[in-house]
Structure formats: C-alpha cells, structure tokens
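Fit chain B to the known structure of chain A by using the hints.
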Amino acid sequence: MHELSITQSVLNIVIDHAQRACARRVIAINLVIGELTGFVDDSIQFYFDMLSPGTIAAGATLHIRRILARLRCRACGEEFMLKGSNWLCPKCLTSGGEILAGREFLIESIEVE
Amino acid sequence: MKVSVIEGILSANDEIAMQNKQVLDAHGICAINIMAAPGGGKTSLILRTIDALRHLLRIAVIEGDVASTVDADQVATKAIPVVQINTGGACHLEAPMLRRALEQLPLEGLDLLLIENVGNLICPVEFKLGEDLNVMIASVPEGDDKPYKYPSIFVAVDAVVINKIDLLPYVHFDIAAFRKLVLGMNPGVKIFEVSCETGLGIESWAEWIVQQRERKQK
Chain A
0 MHELSITQSV LNIVIDHAQR ACARRVIAIN LVIGELTGFV DDSIQFYFDM
50 LSPGTIAAGA TLHIRRILAR LRCRACGEEF MLKGSNWLCP KCLTSGGEIL
100 AGREFLIESI EVE
Chain B
0 MKVSVIEGIL SANDEIAMQN KQVLDAHGIC AINIMAAPGG GKTSLILRTI
50 DALRHLLRIA VIEGDVASTV DADQVATKAI PVVQINTGGA CHLEAPMLRR
100 ALEQLPLEGL DLLLIENVGN LICPVEFKLG EDLNVMIASV PEGDDKPYKY
150 PSIFVAVDAV VINKIDLLPY VHFDIAAFRK LVLGMNPGVK IFEVSCETGL
200 GIESWAEWIV QQRERKQK
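Chains as they are written, first to last, in numbering that gives the first Met the number 0: chain A, 0 to 112; chain B, 0 to 217.
Excised from the complex, chain A in its bound form:
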C-alpha cells in the first residue's frame, strides 16, 4: 500500500526533471532500491501504470536495480552479504552488523526524447 504515495513521488520527480530537460516524453526511468527498504517492485509498477497515464511519463519503462544488503560484522570486521533472514557473521557468528548497503531508494536517471 505504501508504494502508492512513493510512486506518486517518483512520478512528480520524473515529470519535474523531464520538463526541465524540455523533453516531449519519458521513455525509461531508472530506479535504485535497496533490499532492506520495504518497497516491492511489482507494486511500484502497478501504481505507476495507474498514475502515469495522461502525464509526460505515460508508457515509460521502469528499470529497477536492486541493491543487495551488505553488512560489516561489528566484532571481527568481516564484510558479508545478508542471506535471507540470516544476520550471523559467517566468520565469527556474531549476530547483526553495520549496514553498508541495502537502504538505497533513489531515481538514478531518466531517458527522455
């Protein structure tokens, strides 16, 4: 459900940048979404299809680049990828860690004509 308001934000930002670039239409939107955010690709696509008709971004393709969660163990400094719900350091088995990647949520670029 929360994808509705964030998709509206995506659309607002995209329209703003497309207008500044004097574009006729937006062909593609490149998003970056970290694994640890609660945002679902399919829902964003669903709401985009609902909200974009009638705007300069109607018919644009959404490209979503997912960033996997990467952690650094606070005990031994080992860097590791989060595997599912396993937050254990593979080296020393300490749970948790500093999040190095996975919380991204941004529009990287748009393609316009």
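Hints are supplied without guarantee of correctness; some may be wrong.
No more than 25 Å apart at the CA atoms, straight line, and that leaves these computed lysine-lysine pairs for DSS-like [claimed, not checked]:
1) K179(B) to K20(B)
2) K179(B) to K82(A)
3) K179(B) to K90(A)
4) K90(A) to K215(B)
5) K127(B) to K1(B)
6) K179(B) to K189(B)
Hints listed in this document are in silico derivations from the structure and should not be mistaken for laboratory results.
Frame of chain A, contents of chain B only:
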C-alpha cells in the same frame, strides 16, 4: 537522451519533515515517533507515559490511524491536547500530515509530543516526520523473531520497548536472545522491558524520556 537525476524519492517528504523539526525545535518540544505492529501497545504506552510524566512535562499527542478516533478518544480522557490524523487507508504517517496536525496544537505551551504512528512495522520507518526520537514497541506475544523479519525498523530506532512482559510465562519469547540480536543490529539502541498492563518498567522508560528532553534543551 539520458538525464541524470540522482534524487532520493522521499526528498519531498524529508524537506517538510525538516520544516516540522524546525517548528518543534523553535518551541523546545521533544517529539517521539512511536511505531509498532497493530496491537503492540502504542496507545497503552502513551497513556502510561502521560500518567508518569504529566506532573513534569506539558504533553500533547498526535494519533495516527487508518480510520476511527478510538485512540484519540482514550487520550482525550487524560485532558491533554490531542489531534487525530486519519490517513484514510495509507499505512504510515507522512510529514505533511504532521505539519497539518501541528497547526492544531498549542505549541507555545508544550514540552513533549508523542506521535502514535499507524500500526505497521514496514513503512513508517521510511517516512521522516520531523521527530527527535524513533521508538518501536515489540510485544512478547508477537514472538522474538521480529528483528529477522523487519530488520529495517530495528536498525533505525533509538529505543525498543519490549511490552507485555507480564505475559512471559505464557508465550515463548527469549528476552536474552532478542536483546542480543537487536543490539547486534543496532548497538546504540536503548531497550526497555515494560508491561503497560501492570505498569512494570514504565518508570525507567519515563526517566529516559525526561533525560532525552533535557538533552535537547541544552
């Protein structure tokens, strides 16, 4: 043609959150965003906090809910300022909603603002409101595996309140394992063990709020 954007999708919300924070700071008000799953005990904790601190601090409450004024009505019985926000379906509060609610509060006469977010462990944490502190409640009947399932909220909060500890004899909840896991994810987090039913543990939670507010005053 490719146009580089590099803009955080929540930047419009974050901008208004910053303005809300400036308004709160200007009045010396400490604002606490309280998040939990439905039924975790947000309203109960707020009611207990009012009772514990009303002789020390001038408190107001903002109640966020999808619908109804059930919670706001309960808070209103405490005779303190309360504003109900009905999100009308949205699963979290956003900064513009808080801005409208702040306009309805007597900010000049307040020290502490308790904000009850919509019951949900996923998206409230992504939307800044302008708060000073983020707190989540994890109640023991929900199980001790919540940090695995909802890591984003556990790494983002300043305090975790373990509520309903009076139910520990009846449900499986390994407090030691839970603490270890949460502290591994978020070493700076403060953890409180309380029962809003019996009042156990509320005192140290209330003391922490007073300390946090004093820190803000300095």
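Verification of the supplied hints:
1. K179(B) to K20(B): Not OK: K179(B) and K20(B) at ~32 Å, beyond 25 Å, violated.
2. K179(B) to K82(A): Cα-Cα ~19 Å, so holds.
3. K179(B) to K90(A): holds (18 Å)
4. K90(A) to K215(B): With a Cα-Cα distance of about 40 Å, the restraint between K90(A) and K215(B) is violated, given a limit of 25 Å.
5. K127(B) to K1(B): It is violated: about 31 Å lies between the C-alpha atoms, which goes past 25 Å.
6. K179(B) to K189(B): holds (12 Å)
Checked against the numbered hints above, the structure violates hints 1, 4, 5; every other hint is satisfied.
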